[in-house]
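Could you build the full structure based on these sequences and the hints that come with them?
Respectively, the protein sequence lines represent chains U and A. Under our numbering, the first residue of the first sequence is numbered 919, with each subsequent residue one higher. Under our numbering, the first residue of the second sequence is numbered 6, with each subsequent residue one higher.
These are calculated hints, taken from the structure and not from any lab test. Be careful, since some hints might not be right.
Stated by the list, open to error - Under 10 Å between C-beta atoms, here's a sample of chain A residues computed to sit facing chain U:
(1) Pro215
(2) Leu411
(3) Asp412
(4) Tyr436
(5) Thr556
Unchecked claim - Lysine-lysine pairs mimicking DSSO-like chemistry, simulated, CA-CA at most 30 Å apart:
(6) U:Lys1294 / U:Lys922
(7) A:Lys622 / U:Lys1117
(8) A:Lys380 / A:Lys321
(9) A:Lys621 / U:Lys1117
(10) A:Lys562 / A:Lys581
(11) U:Lys1117 / A:Lys329
(12) A:Lys583 / A:Lys648
(13) U:Lys1004 / U:Lys1272
(14) U:Lys1144 / A:Lys562
(15) A:Lys302 / U:Lys930
(16) A:Lys651 / A:Lys589
(17) U:Lys922 / A:Lys465
(18) U:Lys930 / A:Lys233
(19) U:Lys936 / A:Lys562
(20) U:Lys1111 / A:Lys621
(21) A:Lys233 / A:Lys278
(22) U:Lys1255 / U:Lys930
(23) U:Lys1144 / A:Lys621
(24) A:Lys622 / U:Lys1111
(25) U:Lys1291 / U:Lys1263
(26) A:Lys366 / A:Lys334
(27) U:Lys1294 / U:Lys1277
(28) U:Lys1277 / U:Lys1264
(29) U:Lys936 / A:Lys465
(30) A:Lys648 / A:Lys581
(31) U:Lys922 / A:Lys621
(32) U:Lys936 / U:Lys1255
(33) A:Lys621 / U:Lys921
(34) U:Lys1272 / U:Lys1012
(35) A:Lys644 / U:Lys1111
(36) A:Lys278 / A:Lys196
(37) U:Lys931 / A:Lys465
Computed from a predicted model, the values in this text were never measured in an experiment. In this text, a Cβ means the ideal position worked out from N, Cα and C, and glycines have one as well.
Spelled out, the chains give:
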Amino acid sequence: MRKKRSSQSRLKKDVLEKSLCTGCGACVGLCPYQAVYKDRTVQLFDCDLPDGKCRAFCPRTPSDLPLLRESLFDASDATDEIGPVKEYWLTRAKDEGLRSRAQHGGTVTALLGLAMSEGWIDAAIVSGRLDGREPEGLLIDRAEELADYAQSRFWAAPTVAAFHRAPESGAGRLGIVATPCQAIALAKIRTAKIDGYRKGGSLSLVIGLFCGWTLALDRFQNLLEKYQLSASALTGMDIPAGKNVLELRTAGGSANVPMDEVDSCVREACRCCVDSTAEFADLSVGAARFGANPEEMRGWNQVIVRSGAGQKLVSLARQRGVLEFREAPPPALVELKNAAAEKKKKALVRIIAKSRSPKNLLYLNPDDPVVRKYLK
Amino acid sequence: MHMTKLLSPAKSKVLFLGNEAIARGALEAGVSVATGYPGTPSSEVIESLARVAQERNLYVEWSVNEKVALEVAAAASFAGLRSMAVMKQNGVNVASDFLLHLTASGTRGGIVLVSCEDPGALSSVNEGESRYFAGMLEMPLLEPADFQEAKDMTKWAFELSEAIGNVVMLRSVTRMSHASGNVVCGKFPAKTRKAAFEYGGPIMDSQTGPMISTPVVAKHLLRRQKLKAVCALFEKSPFNRYTGPARPDLLLITASACWLYAVEAVEMLGLQKRVGILKLGTTWPLPPRLVSGHLRKAGKILIVEEVMAFLEENVKVLAAGDPKLSGGKTFFGKYDGTLPFAGELNPDIVADALAKIFRMKRGSLPSSYLEEARKTAALLPPREQTFCAGCPHRASFWSIHNAIALDGREGFVCGDIGCYSMAALTPANGYWTMPTLHSMGSGTGLASGFAKLSPFGFQKPVLTVCGDSTFYHAVIPALINAQHNRADITFIVLDNQGTAMTGFQPHPGIEVNALKESVPAVDIASICRAIGARVALCDPFDLAATGAALTDFLAEKGSLKVLILRQACALSPEKKGKKTFEMKVDEDLCLGDACGCNRLCTRIFRCPALVWDRKKKKAAIDEVVCAGCGVCASICPRKAIIKMQKTVL
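What follows is the structure, encoded as structure tokens:
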């Protein structure tokens, strides 16, 4: 019998060498062989084991996405463009202090804080502070500390690795803030049927983030150098609606970098991603930027409620007055869906350019109806 | 007992290591100054002289390198004392620039350059030959063939040197230096010399004039003249002996330990009546009358020597220039393929050569013998060349490997000479990071060169390592070169607090010298800072700190970065046999093959003290082998390897 190829070598060939790695951390923290340095996944030594969880959890290895959808969500909520939608809102944190420290409306931080104070989760995993030495996932078990991590960074943090490293006992029920690729990894973890592996059960809440792309850190650092900035000096970054710039904030002020310059720093893996709304999360949150005057929307989030758990948390937030709600203007959802569909189409073109065949979509299955729809 | 063996009384018969016999010969010659740089198989000469230095009123020094060793010895000669410089074969290359000028200026007190060479490279990364220096620099060469000769010849080498006013080279090989044999001791000189250096005399007077190599042509002619005197002495030297029939079918010419192989091979084949053996002790310049006389006896000549065909070439040159030698001689040796140009010889190889020449069939060994040998070999545990348990180099290379992997630009390490060379010789020891290995100090020079290739598209980060002793020996100029030419390299000193590979001889970084006197230590970090490098110091056993320092350095572009990884060798006298930690594997925590670690400790980290318990199917510690360094506790992802501080009683 031919020896089964090692999971690690398959990851290397199918993901790393194809520049599909998103740096999500799903293959890291399970063993001593895989590591993340800066925003890159590194294989330290060769491991010859087949059937590794590293490969099983990777969001860029072939997955049965229809099965994941079926296991985690109600079929009646399905949309092709943005995954399952139970509810769609514009929200922001009631707490003004939190809002002032948060990326947009502070919805994610407010919801995590609520879940923690209600005892639904014991701890939350978030990506580390912007000025941290290395992008990393952090386990936070004090609700009052959550606001320290309310800013977004635009490069990958291996948050899923922090989930793997979290002790199995102790913080038993975990909430996690995830990009779309991380949400796929976490969905694979939640539904995994692997002998002796039960940790997926401790994932109580996945809050997804809307995500168009992340930056490749090395190229982005070169760009920062051009603007006499360093990654460690950044206090915040944002893409203000309608300005076509990346706004970089430091203690000394802010700089606007034209988007075409930023575009050259986008991680290749992100160009092959079909998910911009974290379709596999319990609920997904992004900046409100559709359907009305952008200035008027500033400081609000759009929220897609996807699962029963997500719905429960959002209604509790309404009940407790943790979040302020606003009906989304009708064009908002349409515009969001259009943008998401556009991203899917572009990504599929990119994937086919890589694989050189529409029959080979690398990590995607051409028979997945959602994929098939945007392939045309 | 050991302390005084070298000082045994005259006429006593003593079992000496070849290198001790050389040391004894030097003592009998009244040597005052002995210097050297450690290198196998030469180190015991200086070590044994250092032990008797006080009693025999010697100055013995481990010098910073072989060139300086020869310079220090030459100063003693210029001052009228007898002196010797001892080194291994490639050390002569290091010393050779000074040697070129020394043979031109001439010497006064007897001075002997001892080169202990390593045919077959048993403990070297080269098969260097220094015999050619004798011819090239026109200095007499002596090669002892047994232990008595090693002693007697060394003593005579000083007399010869003084007689001709030039340095004499004595060449030994591993099988001479590191084997033992009986030696009948001679007397020590009664008188001791006083040092005095005169230089006011005429320029061509080597006894009173300045010690310089100019006027070059005139001094060169003087050196040629000295060789005539040498030849005259060599013609009647008792170190050249012929044994065998008056008119042999084959004349076998040999020298050094090869003589022993030749004698044994002739006996094995029962050729005593057909083969005559000319054993030469004075191998350059060859005494022409003696050699020609023997060449006339036979039509076939076989020259038996190790590595290069130095003797063969000189015999052939001599034969070609002798009108009395009619043609028709058949020479066997290396050039016709009878003997190999590389590697050590042994009696079997010589016997095979003889059998070929005589068209004899050498009886093969009985199959029962071979069967027994195979069975015995199977009893030996397979052992690979590896770093010792507790070796700081393993920890250092672990961190170096991981830092290079994390950095992700396929960085590599230029290697150097020391125990850490094993990282190149058995690449798994260095976790496949070290692809170059040359002479001492050349890792840094190579790294300096690689770092300047970026205009030609070379983008890999370059690292280099050297040991503490190597740092002083030959690295400093290369390091200055790197700094001055803005070579972006990460230079790592694997500082294990001694010249570990050759037996913990002190070096300039240690506060004790060869004579066990207290001396100032020269600080590596201060030197590097003075050069202008950014310097960091770590304990390599602290994997986290070492890893962070290395990744920082690799990320920092454009300058020379120095990381000193300091941790004493596990076999150093202060550490040997003492464990810092008692190690154990917690069998509940170790999941064996159920763990995702895929046997990281025994499969990848590979400390010889980490073993796989086949019955329990878990990792285990071999307590006998374990040196208690504690590093493996940091690599186990389950924290199943436990280190317990040893209680000091």
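TODO: Run the structure past the numbered hints and jot down the numbers of the failing ones, going up.
DONE: Violated hints (numbers, rising): 1, 6, 8, 10, 11, 13, 15, 17, 18, 21, 22, 23, 34, 36; every other hint is consistent with the structure.
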